[in-house]
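Novice: What follows is the residue order along each chain.
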Amino acid sequence: DTEVTQTPKHLVMGMTNKKSLKCEQHMGHRAMYWYKQKAKKPPELMFVYSYEKLSINESVPSRFSPECPNSSLLNLHLHALQPEDSALYLCASSQRTGTLNEKLFFGSGTQLSVL
Amino acid sequence: ILNVEQSPQSLHVQEGDSTNFTCSFPSSNFYALHWYRWETAKSPEALFVMTLNGDEKKKGRISATLNTKEGYSYLYIKGSQPEDSATYLCAFNPNFGNEKLTFGTGTRLTIIP
Numbered sequence: 003d004t005e006v007t008q009t010p011k012h013l014v015m016g017m018t019n020k021k022s023l024k025c026e027q028h029m030g031h032r033a034m035y036w037y038k039q040k041a042k043k044p045p046e047l048m049f050v051y052s053y054e055k056l057s058i059n060e061s062v063p064s065r066f067s068p069e070c071p072n073s074s075l076l077n078l079h080l081h082a083l084q085p086e087d088s089a090l091y092l093c094a095s096s097q098r099t100g101t102l103n104e105k106l107f108f109g110s111g112t113q114l115s116v117l
Numbered sequence: 299i300l301n302v303e304q305s306p307q308s309l310h311v312q313e314g315d316s317t318n319f320t321c322s323f324p325s326s327n328f329y330a331l332h333w334y335r336w337e338t339a340k341s342p343e344a345l346f347v348m349t350l351n352g353d354e355k356k357k358g359r360i361s362a363t364l365n366t367k368e369g370y371s372y373l374y375i376k377g378s379q380p381e382d383s384a385t386y387l388c389a390f391n392p393n394f395g396n397e398k399l400t401f402g403t404g405t406r407l408t409i410i411p
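Which chain is which? The protein sequence lines are E and B, in order. The opening position of the first sequence corresponds to residue 3 in this note's numbering, with each subsequent residue numbered one higher. The opening position of the second sequence corresponds to residue 299 in this note's numbering, with each subsequent residue numbered one higher.
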């Protein structure tokens, strides 16, 4: 199984809602990533988890709260988002941490719209 | 902020023709350069990870070269097929131990049957 599964594929939420994005991989990868991509822009790193511990937070606003409950699962909890947070949220994983000379495996993303 | 640029932004190529596009990155520090293919409504898929100056990688009709001293990589597609239509992204990592990849904006390739 070389898949990274993201759910839901689409999400529409109001600014007062709380929702969560879910990402799962069963490849035994020890690094997991959240990226955000706005239209016509490159994917931008948000968070990196290494061995289930948060190792990078790219100064992401606290209305985004990541969680890695176990080595296969990565969540992104959303609360009080703004319309400008509407974007495609991509999850990725890689086998090892601390080095990026090996490929990332991506999910197909969650398209988020904040109304 | 690292500047990773890809050119052209978009490209239309006749089926059967060969094509290439460029990824430019800072040449001051280099650790790894990634290429991904991203078809609409699918996941980005890794094509190559390149780490050595002068590296050449090949996967079927697709190949890539790397020049770390001048800060560029070329992706070549030989005999384009409709299934090659996708956005091709490069991503750059300047340092060992750095878990952050900086992506370019991509080259959107459309193959005309």
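By construction, these hints were calculated from the structure, which means they are not laboratory data. Every value quoted in this text rests on a predicted model; they were computed, and no experiment measured them. Note that CB positions come from ideal geometry on N, CA and C, so glycine has one too. Check the hints yourself; a few may be wrong.
[Said to hold, decoys possible] DEER-style ranges, computed between Cβ atoms: (1) B:Asn365 with E:Pro10: 36 to 44 Å; (2) E:Glu104 with B:Asn351: 25 to 33 Å; (3) B:Ser308 with E:Ser73: 34 to 42 Å; (4) E:Ile58 with B:Glu303: 17 to 25 Å; (5) E:Val14 with B:Lys376: 17 to 25 Å.
[To be verified] Covered stretches of chain E (in silico footprint by chain B; criterion: 3 or more residues with CB under 8 Å from a CB of chain B, positions within the stretch not fixed): (6) 50 to 62; (7) 106 to 112.
[Stated by the list, open to error] Here are the simulated PhoX-like cross-link-like pairs (lysine-lysine), alpha carbons at most 20 Å apart as the crow flies: (8) E:Lys11 with B:Lys357; (9) B:Lys340 with E:Lys24; (10) B:Lys376 with E:Lys105; (11) E:Lys21 with E:Lys11; (12) E:Lys105 with B:Lys357; (13) B:Lys355 with B:Lys340; (14) E:Lys43 with B:Lys355; (15) B:Lys357 with B:Lys376; (16) E:Lys40 with B:Lys398; (17) E:Lys11 with B:Lys355; (18) E:Lys105 with B:Lys340; (19) E:Lys55 with E:Lys24; (20) B:Lys340 with E:Lys40; (21) E:Lys43 with B:Lys376; (22) E:Lys40 with E:Lys11; (23) B:Lys356 with B:Lys376; (24) B:Lys357 with E:Lys43; (25) B:Lys340 with E:Lys42; (26) B:Lys340 with E:Lys55; (27) B:Lys367 with B:Lys357.
Novice: Closer than 8 Å Cβ to Cβ for three or more residues is the test here. Does the segment 50 to 62 of chain E pass it with chain B?
Specialist: Coverage by chain B holds for the segment 50 to 62 of chain E (5 residues, Cβ < 8 Å).
Novice: Do the alpha carbons of lysine 367 of chain B and lysine 357 of chain B lie within 20 Å of each other, as the hint requires?
Specialist: violated, 24 Å
Novice: Taking the Cβ atom of asparagine 365 of chain B and the Cβ atom of proline 10 of chain E, is their distance within the range 36 to 44 Å?
Specialist: The hinted range 36 to 44 Å holds for asparagine 365 of chain B and proline 10 of chain E, with Cβ atoms some 42 Å apart.
Novice: For the pair supplied as a hint, lysine 356 of chain B and lysine 376 of chain B, is the alpha-carbon distance within the 20 Å limit?
Specialist: Status holds; Cα separation ~11 Å.
Novice: Does the alpha-carbon distance linking lysine 43 of chain E and lysine 376 of chain B stay inside the 20 Å limit?
Specialist: Roughly 27 Å separates the two Cα atoms, so the pair is violated.
Novice: Holds or violated: lysine 357 of chain B and lysine 43 of chain E, Cα atoms, limit 20 Å.
Specialist: Violated, because 27 Å separates the two Cα atoms, which is more than 20 Å.
Novice: Is the listed coverage of the segment 106 to 112 of chain E by chain B valid when you require three or more residues with a beta carbon under 8 Å from a beta carbon of that chain?
Specialist: As far as the segment 106 to 112 of chain E goes, the hint holds, because 6 residues have Cβ atoms under 8 Å from chain B.
Novice: Quickly compare the C-alpha distance for lysine 376 of chain B and lysine 105 of chain E to 20 Å and report which way the hint goes.
Specialist: violated, 23 Å
Novice: Lysine 40 of chain E and lysine 398 of chain B were given as a pair; does the straight-line alpha-carbon distance stay at or below 20 Å?
Specialist: holds, 18 Å
Novice: Within 25 to 33 Å: is that where the Cβ-Cβ distance between glutamate 104 of chain E and asparagine 351 of chain B falls?
Specialist: violated, 19 Å
Novice: Tell me if the beta carbons of serine 308 of chain B and serine 73 of chain E are separated by a distance inside 34 to 42 Å.
Specialist: For serine 73 of chain E against serine 308 of chain B, whose Cβ atoms are near 39 Å apart, the range 34 to 42 Å holds.
Novice: Please work out if lysine 340 of chain B and lysine 24 of chain E have their alpha carbons no farther apart than 20 Å.
Specialist: This hinted pair holds, its Cα atoms lying about 17 Å apart.
Comparing the model with each numbered hint stated earlier shows that hints 2, 5, 8, 10, 13, 14, 17, 21, 24, 26 and 27 do not hold.
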